[in-house]
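From first to last, the protein sequence lines are chains A and B.
Residue 48 in my numbering is what sits at position 22 of the first sequence, and the numbering runs on without skipping anything.
Residue 313 in my numbering is what sits at position 287 of the second sequence, and the numbering runs on without skipping anything.
Honestly, the hints are just simulated from the structure, not real lab data.
Among the hints, a few may not be true.
Which copy is meant is left open, because identical chains are indistinguishable; a pair holds if it fits in one copy or across any two.
To be verified - Each computed DSS-like pair below joins lysine-lysine, with the alpha-carbon atoms no more than 30 Å apart:
#1 K329 / K175
#2 K177 / K329
#3 K109 / K35
#4 K109 / K151
#5 K109 / K175
#6 K177 / K151
#7 K175 / K35
#8 K35 / K329
#9 K151 / K35
#10 K177 / K109
#11 K329 / K151
#12 K177 / K35
#13 K175 / K151
#14 K109 / K329
There are 2 protein chains.
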Amino acid sequence: MLTMADGLKIGIVGATGAVGQELLSLFDQRSTQISELRLMSGPRSAGSTISFRGEDLTVALAAADQFDGLDVVFFSAGAGVSKSLASAAVDAGALVVDNSSAFRMDEGVPLVIPEINWSVAGEQKIIANPNCSTIILLMAIAPLRSLGKIKRIIASTYQSVSGAGAIAMQELIDQTRVVLDGGEAVPESFGHQCAFNVFSHDSDVDGNGFNVEEQKMFEETRKILEDDEIGLSVTCVRVPVLRAHSEAILVEFEGDAPSVEEARRVLSQADGVRIVDDREANHFPMPIESGGEDDVFVGRIRKDAASSNGLWLFASGDQLRKGAALNALQIAERAFS
Amino acid sequence: MLTMADGLKIGIVGATGAVGQELLSLFDQRSTQISELRLMSGPRSAGSTISFRGEDLTVALAAADQFDGLDVVFFSAGAGVSKSLASAAVDAGALVVDNSSAFRMDEGVPLVIPEINWSVAGEQKIIANPNCSTIILLMAIAPLRSLGKIKRIIASTYQSVSGAGAIAMQELIDQTRVVLDGGEAVPESFGHQCAFNVFSHDSDVDGNGFNVEEQKMFEETRKILEDDEIGLSVTCVRVPVLRAHSEAILVEFEGDAPSVEEARRVLSQADGVRIVDDREANHFPMPIESGGEDDVFVGRIRKDAASSNGLWLFASGDQLRKGAALNALQIAERAFS
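Given these sequences and hints, build the entire structure.
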């Protein structure tokens, strides 16, 4: 069987976006063996050139006839593009790793965080990458299941602007300059000013008052943990941070919460988790430190003061890496191992 | 009895700080009648000049012999200064409104948010102003008690840098410029970079893992609501915002949570609360809008998805106004009404 070491034929749909660019940087960092790299995008960026390993590659217009011969195709160009093109990639014989929300809740499509539920991937030809906030939450939470059954998770997020793409990251930078210079912010990527502000997540709000990001975290958590009873109660908020999401998380167990020491031990042994929990130095997970890193940082581990079954955590992870491109690449690495 | 309309003799200890400056601006905005204004500070700012209503006032060094004849003295120069000088102000016959943490938990000292518990103020000569995060939390929560008994409050904060004073606000501005220009941030007011970052609140962390800010919110909430059984479970976090704190709040009732409509009705009738809760426009409380305003903004009112007794809110209020100077001035206004 073909493995990563043989050098894969890789396609990226959405190569010029923030996640696509992060994938290319991860290929270098992880010395991914590539025998062919086909970069694709929508009409706006098609025709542009991206330099990779000394070669200038032209970005092709993503289309159904572009997948012939590819082993794996990473989709990160939005749910619409995935829905219209993923089946063509599968028909061409490729494994599709889809970073959009298009197939996440489809019954036949595994939703995978390799450290947590690789076993469900099977021989499926489409594997979905969970939402970034879900990945960062579950990387911090899932290892704790060995210490007791989790009944409910209550979380508030501090989400970076990178979830809205490279344009939003540039907008935070440009808009911050404008505001510092006394000018007026003109929001484009979001409905509101992002510089020096905090606002409710920029996804549609349903009749019950929850936005789509919060609903995704709820549904995806249940699917990944294979637990239809687990409660999830979350508020998703954007903060003026470039590329790492943070989350304040209260985990409620069926019985008494594990001790801080037990939680720390289990988390310190978990792949992809780094403990940052120095109470004396007041040093806990921060986006300026988790940004650009592969691990999800976890700290502020403490027993809830108002219940016997609660354990608080604070997590921070790079939205573009473990929250998107890294998790997708890890899926491909396992599939071709 | 002396009333506000007679023109009070007012002292401010900490006149050059962020809260002191805010008080002066509120005097103008509220047309406070003042027959004498005595500005005081620590040695660093003593001797400086502040212009107020066309007069240049010299800031005196705060000392025990500076309070003669004053009707009210506002203290906002830290707990140490309050502890050493408040009794001298009381001895001189003044009402002390203390914005520090010095006396908040003293049994004989009322801890007052006028809209919530003015009745406890009595004839006391020292009245303590609660912590800013407590005030903003309780302004959003207290009105809901008419709809059912509150059992527990779970909150995560998004706190502005102004809580650390005017210097910290300038530091966020200067540091943001440095980072935008590719330089390295040199944190001074906080242990960590504040520009484009999020970090656990900069107060000491105890053996149970809670920081002092979280403990304050816990203790002060119980004192103000006069409920020793109410649970409070909170994570306090700083965000790169200048002057308004925001909080994601899950209120748990003894019985079923009230409906969204009931909560909205009660909150819309509450003094000092403004509802900002437009789901369709995705417009909810934001620090760039609550900053500079007197009201605490409340929105994202929705029933918890994972319990029958939970109601979510998102609140945002100006840390320097209702969180500090405005609440203190309102206390004086009621005392001399």
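Do the hints match the structure? See the list:
1. K329 / K175: Cα proximity of K329 and K175: in one copy and across copies (16 Å, 25 Å).
2. K177 / K329: both (16 Å within a copy, 18 Å between copies)
3. K109 / K35: Close inside one copy (22 Å), not across copies (72 Å); limit 30 Å.
4. K109 / K151: within (14 Å within a copy, 69 Å between copies)
5. K109 / K175: For K109 and K175, the Cα distance exceeds 30 Å both inside one copy (36 Å) and across copies (48 Å).
6. K177 / K151: neither (33 Å within a copy, 49 Å between copies)
7. K175 / K35: Neither way: K175 and K35 sit 42 Å apart in one copy and 62 Å across, limit 30 Å.
8. K35 / K329: Neither, since 49 Å and 49 Å both go past 30 Å.
9. K151 / K35: within (15 Å within a copy, 79 Å between copies)
10. K177 / K109: neither (34 Å within a copy, 46 Å between copies)
11. K329 / K151: For K329 and K151, the Cα distance exceeds 30 Å both inside one copy (42 Å) and across copies (39 Å).
12. K177 / K35: Neither. Shortest intra-copy (43 Å) and inter-copy (58 Å) distances fail the 30 Å Cα cut-off.
13. K175 / K151: neither (32 Å within a copy, 53 Å between copies)
14. K109 / K329: neither (44 Å within a copy, 33 Å between copies)
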